[in-house]
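**Student:** One letter stands for each residue in the lines below.
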Amino acid sequence: MITLSSYLMISLALFLSGLVVMIARKNIIAILLGIELILNSAALNFAAYTRFVNQNIEGHIVSLFIIVIAAAEAAVGLGIVIRFFQMRESIHIDDAAQLQS
Amino acid sequence: MNSTIVSYLSQFDGHKKFIAFLSEVLGFDATALIAFLVFLIASIVVVKVMALVGGMGTYAERKISADIQMRQGPNRVGPFGLLQFLADGVKMIMKEDVLPKNADKLLFTIAPLMALVGVFGSLAVVPFSSGFILTDLNVGVFYLIGVSSLVGVAIFLGGYSSNSKWSMLGGMRGASQIISYEVPVTLSILAIVILAGGLSFSTLVNAQGGLPHQWYVLHNPFTFIGFFVFFIGALAETNRAPFDLPEAESELVSGYHTEYTGMRFGFFALAEYIEVFVVCGVAVAAFLGGYKVPFDLGTGDFLVNTLHLPPIIGKNIGQFLQIGSFVTKTLLLYYVVIWIRWTFPRLRVDHLMTLCWKYLTPIALFNLVGCAVWLYAFDGHSIWELFSQMTAGSHGGGH
Amino acid sequence: MSSPNLDVYMPIIILMAIGVIAVVGALLVGKLIRPHNPNALKESPYECGEEPIGSAWSNFNVRFYVVSLIFIIFDVEGALMFPVAAVFRRFNEIGEGGVLLGSLLLFILVLVLGIVYCWKKGDLDWVKSFQLSDEQIKQLNNVKES
Amino acid sequence: MFDNILFLLSASLTVVGAFSVVLTKNLMHSCVYLLAALFGMAGLYATLGADFLAATQLVVYVGGVVILMLFAVMLTGGDQDKENKFGITKVPAMGNTKTFIAGGISALVIALVILRLVANIAKQNPQGDLPNYMSTVVEIGTKLVTDHVLAFEISSVLLLGALVGAAVIARPARGDDQ
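These protein sequence lines are chains R, Z, Y and E, in that order. The first sequence begins at 1 in our numbering and counts up by one. The second sequence begins at 1 in our numbering and counts up by one. The third sequence begins at 1 in our numbering and counts up by one. The fourth sequence begins at 1 in our numbering and counts up by one.
Isolated chain R, as found in the complex (with noise of 0.2 Å):
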């Protein structure tokens, strides 16, 4: 039987997976890929409610807009990840840490 924990149970296993891959990878593109999977999370949850809950067509628009953002973010952070690679040429998180001593 398909209930909303089980969406619920999918959707806290991307958040970890997110956060895991946040946490413990250094490679600015691989914490990007965590932002998605996080953000996919958040989107699916939306959907679920709006399936199990309240029935009202708005949880599909955020969850739209979720997606509309997270693209817009892979765009810019990519393309700040492109710039640092050009000039460091590395794409280490820690040697982002410039500001911090």
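Honestly, the hints are just simulated from the structure, not real lab data. One thing to keep in mind: the hints can contain errors.
What the hints assert, rightly or not - Calculated lysine-lysine pairs in the PhoX-like style (CA-CA distance at most 25 Å, straight line):
1. K138/Y x K121/Y
2. K101/Z x K31/Y
3. K31/Y x K48/Z
4. K105/Z x K25/E
5. K91/Z x K31/Y
6. K101/Z x K25/E
7. K358/Z x K138/Y
8. K121/Y x K358/Z
9. K95/Z x K31/Y
Got chain R; can you put chains Z, Y and E on it based on the hints?
**Tutor:** Here is chains Z, Y and E on its own, set in the frame of chain R:
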């Protein structure tokens, strides 16, 4: 709501009786089982026919090119060389499967799989007739755009995983070309969606008629240009000449599948030929009237009323006429695609990008705006309806 | 109808499964009948008979990224415009088409601004660095003459 | 019956893809596993009756974001563990045991917190039914130009900003090319 081939079948009495009989024998509700079996059989039929189309595509390609270049073409295997593609297939299976030493083995294996899955997934929404459409999703066109973009990823991965410089160049070029030309294609389809008022293929087709002046390609000037933008974009998206830069023989050896041998190469080639058929089918469905038969023969009412056939037979004959109409138009476009390949020289890569971003995309945007304004200004009437109204109006004024 | 009817997705799954089975099956069947005698030369990447130097996985020009960047923006805008385009006709039939046309045109206008910017800045040119200005060509000619 | 099959297939594809993104050591592979996870997400949206979201997921992620990621990987020199030009030895770019332990512990803590919250929902087990939509496309389109028209227009401005910003950032500085 979504209609499928099962919902078409379920309007016949025999289907219901069969389900009732089977449910009685098996002791549970057999509707789902029958639906699965019908889908499975229909899918296998479609895949077999498409494999045949892909195989015959290679044969047709050689015969037509031979015709254009005044040669004989394949003529040894079978009558007129018709069985050439079977010989090619056997050869492909018998070929040694070489895995380059430095290749990324996982990606090297799944790249052809991804190409084939993407193309097969897009087959599910191709409207062969009003009944024989595997599934008529509400988001049909949009789904097709999405799932066929798997082919772009597959080409990139195929180029990347070979770890050969030619493949890598071909893969990068291929991916950037496919994604670039997706923009004008999407915008052209968007213009048609505005006119038809829906995303499913049945909406697109049913908004058109059987005769050429009822097709969307002649609906108004914007769609007329839009058809050519779509067709050029579709040629580029399927890596057909004159846009076959990812596999340009003279500069990149064989492009993204340089290192692929045997069956793996065969799957890439098969995916490409089937994809050509699919995009030709989309062009037919969106612009050239789809499965509509002139004078509404396709619904079967005409046959039932004049020839006094039973409705069920009339309806099925109508379906076959629709399939014939769709397939004929699609294969004609397929011929044009092959004809173009052997007539035009290949573009240079910077010309390719200039054509896409500086010509096709602005034109497609202009068409989109034009179609939106046209729908608003003329209530969606086609240019012919406006003409006939005008002449009728002037007659009325004269009297 | 309470829950969505998911049977419409069945053919997609079946077709994709057929695709997977076809690939895996053909490769497995082929394994039985095809020859397999690899050697070092056969397994090295093809470079027209030369010894391959280095890996092919190296840096590429950034213009590939700019192209895919413009593409993804268009893609997302297309995704937002599709549902609006699908309801345009319905709105027009009840006489509310003007509002929708206005919002759609505004949306497209902003989209056009983006592509005009990229056009002006030369991001759409594939070979920007090879197009010399007239002055540079004159300089080059002077160098040749002297 | 088929509902469950579709759900199980999509869910397993999603979860296995997501976990493989965590576990693999190869950046290119993790991009492909991400593709699998996002593809499975499209199936999950389909099981939720959100057909337009499923198609959008396919178009935007499979066709767009993943290709962008793959291009970015290629533009930054494939997946090799490059040393930076100062030659400082650091943690490998794809992480080592220490970083994974840190990530695992934080994930465990957050998982416990979230599970505590979700437990209430699991007890209630809401079983709403979808209303009989014509199609979600029409509903979403209507909402986008009536209630959410501001968000619709502003998202175009957001995308314009993203396009201009990313193009400015990524564009090679004057003279870099020559």
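**Student:** Now tell me if each hint is right for this structure.
**Tutor:** These are the hints, each one checked on the structure:
A threshold of 25 Å between alpha carbons decides the hint, and for K138/Y with K121/Y the separation of about 24 Å falls inside it, so the pair holds. The hinted pair formed by K101/Z and K31/Y meets the criterion: a straight-line CA distance of about 19 Å does not exceed 25 Å. Distance hint between K31/Y and K48/Z is fulfilled; the C-alpha atoms sit about 23 Å from each other, no more than 25 Å. A hinted pair counts as satisfied when its Cα atoms are at most 25 Å apart, and K105/Z with K25/E qualifies at roughly 15 Å.
Of the supplied pair hints, the one linking K91/Z and K31/Y holds, its CA atoms being roughly 13 Å apart against a limit of 25 Å. Pair hint K101/Z plus K25/E holds up; C-alpha atoms about 20 Å apart against a cutoff of 25 Å. The straight-line distance between the Cα atoms of K358/Z and K138/Y is roughly 28 Å, outside the 25 Å bound, and the hint therefore fails. Proximity of K121/Y to K358/Z is assessed by CA-CA distance (about 13 Å); at most 25 Å being required, the pair is judged to hold.
With a C-alpha separation of about 10 Å, the suggested pairing of K95/Z with K31/Y holds against the 25 Å cut-off.
Checked against the numbered hints listed earlier, the structure breaks hint 7 alone; every other hint is satisfied.
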